[in-house]
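Enquirer: Sequence:
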Amino acid sequence: MHENCGMAQDSDTKDSDDSKSDSDKKSPPKETSHTTEHEVSIRGARIPYTATAATLILRDAEDEPQASIFHVSYLRGEVADAAARPVTFAFNGGPGSSAMWLHLGCLGPRRLMMSDAAAPLPPPYSIVDNEHSLLDITDLVFVDPVGTGYSRAHGKTKAKEFYEIKRDASSLAEFIQTWLTKHNRWTSPKFLAGESYGTTRAAAIADELLQAGVVMNGSVMISNAMHLGTLVFETGNDLPHVLYLPSYAAVAAYHGAVKPPGGDLESFLKEARAYAIGDYARALLQGNQLPAEERTQVALKLSYFTGLSAAWLERADLRIEIGRFTKELLRERSQVIGRLDARYIGTDPDHVGELPMEDPSYIQPLGPYTATVNQYLRQELGYPDTRRYEAISLKVNESWSWADDKRMGYPNTAEHLRRSMLMNPHLKVFFANGMYDLATPFFATEYTASHLGREEHIRANVYQATYPAGHMMYVHPPSMERLRDDLERFYRAAIPA
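Numbered according to numbering that gives the first Met the number 0, the sequence shown spans residues 0 to 496.
Calculated directly from the structure, the hints in this document are not laboratory data. Here a beta-carbon is modelled for each residue, glycine too, at the ideal position from N, C-alpha and C. Keep in mind that a hint or two might mislead.
Derived DEER-like restraints, expressed as beta-carbon distance ranges [as the list claims (entries may be wrong)]:
| hint | residue 1 | residue 2 | range |
| --- | --- | --- | --- |
| 1 | HIS450 | LEU365 | 32 to 40 Å |
| 2 | TRP311 | GLN176 | 47 to 55 Å |
| 3 | GLU480 | GLU292 | 45 to 53 Å |
| 4 | ALA82 | GLU130 | 21 to 29 Å |
| 5 | ALA82 | ASP316 | 57 to 65 Å |
| 6 | TYR409 | GLU61 | 30 to 38 Å |
| 7 | MET112 | GLY286 | 46 to 54 Å |
| 8 | THR385 | ARG281 | 55 to 63 Å |
| 9 | GLU36 | ASP80 | 14 to 22 Å |
| 10 | MET407 | TRP185 | 36 to 44 Å |
| 11 | MET407 | ALA79 | 51 to 59 Å |
| 12 | ALA82 | GLU487 | 16 to 24 Å |
| 13 | ALA309 | SER114 | 33 to 41 Å |
| 14 | GLY286 | LEU365 | 37 to 45 Å |
Below, simulated DSS-like cross-link-like pairs (lysine-lysine); rule was C-alpha separation at most 25 Å, straight line [said to hold, decoys possible]:
| hint | residue 1 | residue 2 |
| --- | --- | --- |
| 15 | LYS29 | LYS159 |
| 16 | LYS258 | LYS269 |
| 17 | LYS157 | LYS394 |
| 18 | LYS258 | LYS300 |
| 19 | LYS157 | LYS29 |
| 20 | LYS181 | LYS29 |
| 21 | LYS394 | LYS159 |
| 22 | LYS155 | LYS394 |
| 23 | LYS165 | LYS155 |
| 24 | LYS394 | LYS165 |
| 25 | LYS29 | LYS155 |
| 26 | LYS300 | LYS269 |
Whole structure, please, built from the sequences with the hints as guidance.
Expert: This is the structure in structure tokens:
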């Protein structure tokens, strides 16, 4: 059931100045909160819970409001000792995305009925109980960073001040500490869950929290993007070319552009990994010193893995940029494949262009998720905010500062995670990747995880899994079921008996 229990906690939402536009700075914002009671069936068990949609005000040292953070908290009912129950803080990435994807697609007690790797049906959309939710194991808090959802900057603080790695992480770390205080949950086992750029911020948040004396039990990293040097295709950075090759091989096999020997995809990908960090990496490192004969052999081998022609690969200087791959693989069919999930295919209006005009795996789910989160928050959870819910903010994304502690080079919050794991030897990390994800490839995650440190406890505390799906592997029903199984084992391992 989904029964509305009315307003709760600090103030009446309808009267809150926090519902006004960002430009309204005349009166201070008020915290808002609306709680409803529900129950859900998870793997055959009845789970009663409360859902609270709320804002929480972040304040500076002078107690002036800086931002209001919108979040939805799901707390299991009929619990003997809530303070001993795990709690997970979840957020998506972008940067500029609200938490709607993990909220209504993966972890929350309700989920959008979504077609897998295909164009969605037109409205109306259906939302159903999520039998794979983690609410039976952990309480859940879905958090929208400043500039997303209903979260806004206030007072003299400009929103753009939050659009950087450190301030974003510190603001969310502050939110978590304040939430723990408000809900008397300081002694609870604590987890972070991030997707895509959400993993970038999760690593930084864990470090911020540890410095403040908040010890985490674990982090769930879905579609890891901590080390941007493994993902950014730029002249002079050959690392992504090496780390993307196994994903290209998986995608080419999926679409029938190549045929793994004996039909054995696992062995084919193992071969691609070995070639990528062996002969292919050595060839790229030689630059224009690579002998012509070896260059030809590398092009032929790349063609074997990717299905692209050796002639095209030679013209591309043996380097396959992601946009070119998504455009080129099915060019003869006048189709493009997805970047977030290469199982998706679309028709590009420009049949001769070098790069795709759109990503079908982004555009096709966006409408159903955006419509559903707006309807769900207002109707089912009864949160009466008439402002626009920023499901995805391109303004935030385009305004983002990628500087990381003023260090040169590509942002790499894996260093923050390594520091946290060294100082907190009990911190466990679970990496989940999609085999057909071309935004955050699985081999890049394997590379990042293997560089967290040689210490035995770090190696023992890292868990990894790859699923036959894309960036949001949870839209693929078999992968969602397996992900839930893997997460349950991970949480059991990370919570002291």
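Enquirer: Evaluate each hint against the coordinates.
Expert: So, going through the hints one by one against the coordinates:
The hinted window of 32 to 40 Å between HIS450 and LEU365 holds, with their beta carbons roughly 33 Å apart. Checked against the hint of 47 to 55 Å, the pair TRP311 and GLN176 passes, with Cβ atoms roughly 53 Å apart. Remark: the range hint 45 to 53 Å for GLU480 to GLU292 is upheld by a beta-carbon distance near 49 Å. At roughly 28 Å, the beta carbons of ALA82 and GLU130 sit within the given window of 21 to 29 Å.
At roughly 59 Å, the beta carbons of ALA82 and ASP316 sit within the given window of 57 to 65 Å. At roughly 36 Å, the beta-carbon separation of TYR409 and GLU61 lies within the given 30 to 38 Å, and the hint holds. Distance hint check for MET112 and GLY286: the Cβ-Cβ separation is about 51 Å, which falls inside the suggested range of 46 to 54 Å. For the hinted restraint 55 to 63 Å between THR385 and ARG281, the CB-CB distance of approximately 60 Å keeps it satisfied.
At roughly 20 Å, the beta carbons of GLU36 and ASP80 sit within the given window of 14 to 22 Å. For MET407 and TRP185, the hinted distance range of 36 to 44 Å is satisfied, since their beta carbons lie about 38 Å from each other. The hint said 51 to 59 Å for the Cβ distance between MET407 and ALA79, and at roughly 52 Å that hint holds. The hint said 16 to 24 Å for the Cβ distance between ALA82 and GLU487, and at roughly 22 Å that hint holds.
Between ALA309 and SER114 the Cβ separation comes to about 37 Å, which falls inside the hinted range of 33 to 41 Å. A C-beta distance of roughly 40 Å is found between GLY286 and LEU365, which places it inside the suggested range of 37 to 45 Å. Using a Cα cut-off of 25 Å, the hinted pair LYS29 and LYS159 holds, with the two alpha carbons roughly 21 Å apart. For the hint pairing LYS258 with LYS269, the CA-to-CA distance comes to about 15 Å; that is within 25 Å, so the pair holds.
Only pairs whose Cα atoms come within 25 Å are accepted, and LYS157 paired with LYS394 is accepted, the gap being roughly 14 Å. Among the hinted pairs, LYS258 with LYS300 is consistent with the structure: their alpha-carbon atoms are about 14 Å apart, no more than 25 Å. Taking the CA atoms of LYS157 and LYS29, the gap is near 18 Å; set against the 25 Å cutoff, the hint holds. Of the pairs offered as hints, the one joining LYS181 and LYS29 holds, with about 15 Å between alpha carbons and a cut-off of 25 Å not exceeded.
Restraint check: the Cα-Cα separation between LYS394 and LYS159 comes to about 10 Å, which is no more than 25 Å; the hinted pair holds. With a C-alpha separation of about 20 Å, the suggested pair LYS155 and LYS394 falls inside the 25 Å cut-off, and the hint holds. For the proposed pair LYS165 and LYS155, the alpha carbon gap of about 19 Å is at most 25 Å, so the pair holds. With a C-alpha separation of about 19 Å, the suggested pairing of LYS394 with LYS165 holds against the 25 Å cut-off.
Using a Cα cut-off of 25 Å, the hinted pair LYS29 and LYS155 holds, with the two alpha carbons roughly 16 Å apart. With a C-alpha separation of about 14 Å, the suggested pairing of LYS300 with LYS269 holds against the 25 Å cut-off.
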